[in-house]
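Colleague: Residues per chain are reported as follows:
2 protein chains.
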Amino acid sequence: MNNMMDKLIQKIKETNNPTIIGLDPRYEQIPECIKSKYEESLEGVAKSIIEFNKRIIDAIKDIIPAVKPQIAFYEKYGIEGMKAFEETCKYAKKQGMIVVADIKRGDIGTTAQSYSDAFLGRSKIGKKEEAIFDVDFVTLNPYMGIDSIKPFIEDCKKYNKGVFILAKTSNPSSKDMQDLKLETGEKVFEKVAKLIETWGKDQIGEYGYSSISAVVGATHREELKDIRKLAPHTFFLIPGYGAQGGKAEDIALGFDKNGIGGIVNASRSLINAYSSEMWKQKFTEDEFEKATRSEALRMKEELNQAIRDHINKY
Amino acid sequence: MNNMMDKLIQKIKETNNPTIIGLDPRYEQIPECIKSKYEESLEGVAKSIIEFNKRIIDAIKDIIPAVKPQIAFYEKYGIEGMKAFEETCKYAKKQGMIVVADIKRGDIGTTAQSYSDAFLGRSKIGKKEEAIFDVDFVTLNPYMGIDSIKPFIEDCKKYNKGVFILAKTSNPSSKDMQDLKLETGEKVFEKVAKLIETWGKDQIGEYGYSSISAVVGATHREELKDIRKLAPHTFFLIPGYGAQGGKAEDIALGFDKNGIGGIVNASRSLINAYSSEMWKQKFTEDEFEKATRSEALRMKEELNQAIRDHINKY
Chain C
48 MNNMMDKLIQ KIKETNNPTI IGLDPRYEQI PECIKSKYEE SLEGVAKSII EFNKRIIDAI
108 KDIIPAVKPQ IAFYEKYGIE GMKAFEETCK YAKKQGMIVV ADIKRGDIGT TAQSYSDAFL
168 GRSKIGKKEE AIFDVDFVTL NPYMGIDSIK PFIEDCKKYN KGVFILAKTS NPSSKDMQDL
228 KLETGEKVFE KVAKLIETWG KDQIGEYGYS SISAVVGATH REELKDIRKL APHTFFLIPG
288 YGAQGGKAED IALGFDKNGI GGIVNASRSL INAYSSEMWK QKFTEDEFEK ATRSEALRMK
348 EELNQAIRDH INKY
Chain V
48 MNNMMDKLIQ KIKETNNPTI IGLDPRYEQI PECIKSKYEE SLEGVAKSII EFNKRIIDAI
108 KDIIPAVKPQ IAFYEKYGIE GMKAFEETCK YAKKQGMIVV ADIKRGDIGT TAQSYSDAFL
168 GRSKIGKKEE AIFDVDFVTL NPYMGIDSIK PFIEDCKKYN KGVFILAKTS NPSSKDMQDL
228 KLETGEKVFE KVAKLIETWG KDQIGEYGYS SISAVVGATH REELKDIRKL APHTFFLIPG
288 YGAQGGKAED IALGFDKNGI GGIVNASRSL INAYSSEMWK QKFTEDEFEK ATRSEALRMK
348 EELNQAIRDH INKY
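Line order of the protein sequences matches chains C and V.
Last residue of the first sequence: number 361 in our numbering, and the count goes up by one each step with no gaps.
Last residue of the second sequence: number 361 in our numbering, and the count goes up by one each step with no gaps.
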């Protein structure tokens, strides 16, 4: 049976697009044509978010392989927001997209198991078992070590799921911790990347990548190159393209000589494309879906060109 | 105005008890006298958890200053579980307890702001602002650096709240990352403790402790002593007592010569006291509240004795 990483890579190949769309809806930026239908209340916000996300998904589901809802943007609106998170994950999955829940959890054993039950596995209720959010991948934080990762790794095997563990993140202050130099001469993120490679070694799929994989930011050219060498079986979720300044030519360094090895996240540049300098002349706010689709196609071409150039230099 | 850390310390002084009770309900361990009232469904589980938590809170609210619900145990039951989390936080606050939401979040700037809106601040909906979970403290993960902490620090000032940032956690594999030795000779957790001390320097209250504080596990005697010196204005949330093996005499090393400086978490040993070796002879399952209260009083005496012994050695 193909593992979850194989499924993700197959889906990237089918769409010929190593993009993951970040569904991080900001209420302020949801088009008026949606917001005006609902009340200005937590319930109304949740309804706006659901409609917005579903319309975005419908607009790109044939050209983008995966979605990544960032749970903070839903928790922000409490229980109603969490309902929108749940409905978004379910809808994306039903439309055939791979769903990565960006939750960045990290906690000790029994607590980690509860998180894993919620997102990847099942929760026991007496003799029954219930799937709760049931997404394909989650993101994890490694600060508490293997105890905090292991329950997820085991559930990845049991339920055919995957995880992306933070190695080198895209934000400027990632250096505060991740760039600290160890007495061995290596940096903290390099140590983490090696640990991830080790943790993933028995879940490597047919393309040579493990379902236990890493987050490596697009804003760090040298680090992407470095980690690609250090962790050859570790697939990358690459945030930081677009709004945060990561460039396609830098991102390409995370890919192998077959042109695989990573998926690039874009959130605001895709979901709010209608208000961007590039697309606002061409599309009105009401045509936000067309703007998102146009930007998705442009991004895809840019990434594929950069990856082709990179392969030619191998 | 007293800041949130002053409030917590005052409450510890009033109850003469540096304990925080971890509300980490496991459905399997909720007494039958509660579970049997409700259906075996997600909704029924949530109702059981709410009744159990409220009865535990009522049993100890005059002798324990603070509660710490671990959100994983609620997320595990999806939307219904999150409703139980919300109701638990609201109820504990209404009963005069300090509420620490154990969420261990860590994400980049705009995402961190959304989390902070949800737990400490307010979420904007058009021109209105809504408090969502509105707890007193949250726990945070430092792996992404100051970007991921700053929005919370600012909201601590704005809304008079506090945070506990992971420095040295109680689990065995905390060593994987936190004990890595840097080229400067210090360990990662020492570096983090120093950063936390710096981040908290302008929110120090009348007892000399900042509302920007740290998580330091009870299972690491030397590290507690070490961090107490490195970060003299940093208050400690100390997990790992009881079930995980942390001893009162070790924990005392985290306290200063006035006998303050930390609050000790106990979860299972308190909420499931009725099934423990020590109390199951004396109380039936139906008397779980009495068992919890007895164990709380025993723990309080043990901690206070150890802290007195420690002060005498200063």
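One should not assume that every hint holds.
Within a straight-line C-alpha distance of at most 25 Å, the following computed BS3-like cross-link-like pairs (lysine-lysine) qualify [claimed, not checked]:
hint, chain 1, residue 1, chain 2, residue 2
1, C, Lys228, V, Lys241
2, C, Lys272, C, Lys222
3, V, Lys248, V, Lys294
4, C, Lys205, C, Lys234
5, V, Lys175, C, Lys84
6, V, Lys84, C, Lys234
7, C, Lys141, C, Lys197
8, V, Lys228, C, Lys222
Hints in this document: simulated from the structure, not taken from any laboratory.
Colleague: Now look at each hint and say whether the structure bears it out.
Modeller: Consistency of the hints with the structure:
This hinted pair checks out: Lys228(C) and Lys241(V) have alpha carbons roughly 16 Å apart, not beyond 25 Å. Proposed proximity of Lys272(C) and Lys222(C) is supported: the alpha carbons are some 17 Å apart, at most 25 Å. For the hint pairing Lys248(V) with Lys294(V), the CA-to-CA distance comes to about 30 Å; that exceeds 25 Å, so the pair is violated. Using a Cα cut-off of 25 Å, the hinted pair Lys205(C) and Lys234(C) is violated, with the two alpha carbons roughly 33 Å apart.
The hinted pair formed by Lys175(V) and Lys84(C) meets the criterion: a straight-line CA distance of about 18 Å does not exceed 25 Å. For the proposed pair Lys84(V) and Lys234(C), the alpha carbon gap of about 55 Å is over 25 Å, so the pair is violated. Pair hint Lys141(C) plus Lys197(C) does not hold up; C-alpha atoms about 29 Å apart against a cutoff of 25 Å. Between Lys228(V) and Lys222(C), the direct Cα distance comes to roughly 16 Å. Compliance with the 25 Å bound is thereby established for this hinted pair.
Taken one by one, the earlier hints fail for this structure at numbers 3, 4, 6 and 7, listed in ascending order.
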